[in-house]
Amino acid sequence: MRALIQRVRRASVEVDGQTVGAIDHGLLALIGVDKGDDEARADKLLHKLLHYRVFSDAEGKMNRNLQQAEGGLLLVSQFTLAADTRKGLRPSFSSAAPPAEGERLFTYLLTRAQASWPRVACGEFGADMQVALINDGPVTFLLES
340 MRALIQRVRR ASVEVDGQTV GAIDHGLLAL IGVDKGDDEA RADKLLHKLL HYRVFSDAEG
400 KMNRNLQQAE GGLLLVSQFT LAADTRKGLR PSFSSAAPPA EGERLFTYLL TRAQASWPRV
460 ACGEFGADMQ VALINDGPVT FLLES
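In this text, residue positions in the sequence shown follow this note's numbering: the first is 340, and each later residue adds one.
Calculated directly from the structure, the hints in this document are not laboratory data.
All figures in this text were calculated on a predicted structure; none of them were measured in a lab.
Each hint should be verified, as a subset may be incorrect.
[To be verified] Computed Cβ-Cβ distance ranges for the label pairs, DEER-style: (1) E398 / E378: 31 to 39 Å; (2) S431 / Q407: 38 to 46 Å; (3) R425 / Q453: 32 to 40 Å; (4) H386 / V478: 16 to 24 Å; (5) D396 / D363: 16 to 24 Å; (6) D423 / E398: 36 to 44 Å.
From the three backbone atoms N, C-alpha and C, an ideal C-beta is built for every residue, glycine too.
Based on the provided sequences and hints, a complete structural model is requested.
Here is the structure:
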């Protein structure tokens, strides 16, 4: 599993013109699921999402994690993160988990995140989503489990 995380001042997700998830300051995490991913990888990724130190301390250094910064976590499924882009000019999705498995693991990650942290929001798996954000920094990292 992988997550493209962005530190945000705020972020939201709309489906059919309706906001389905929103946070103020925190992390927007675009989640990709690969073939062979499992619950153990989801748990490892969640640990990184909650504990990765990307928020500034009093000296301006990135020493605080999401929980220490009391930020929100917005999880958005994005199967295109599993694309192989090494060859050619068109992405290959052969390494992406099948939709049913991707949804199962995304839902598992979401459920575990909601049980671990009170400020969790999400998009809608498989929907055509419009994601809005104000990137803080900008600060963007690719996390892999």
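Going through the hints against the structure:
no., hint, in the structure
1, E398 / E378: 31 to 39 Å, "38 Å, holds"
2, S431 / Q407: 38 to 46 Å, "39 Å, holds"
3, R425 / Q453: 32 to 40 Å, "35 Å, holds"
4, H386 / V478: 16 to 24 Å, "19 Å, holds"
5, D396 / D363: 16 to 24 Å, "20 Å, holds"
6, D423 / E398: 36 to 44 Å, "41 Å, holds"
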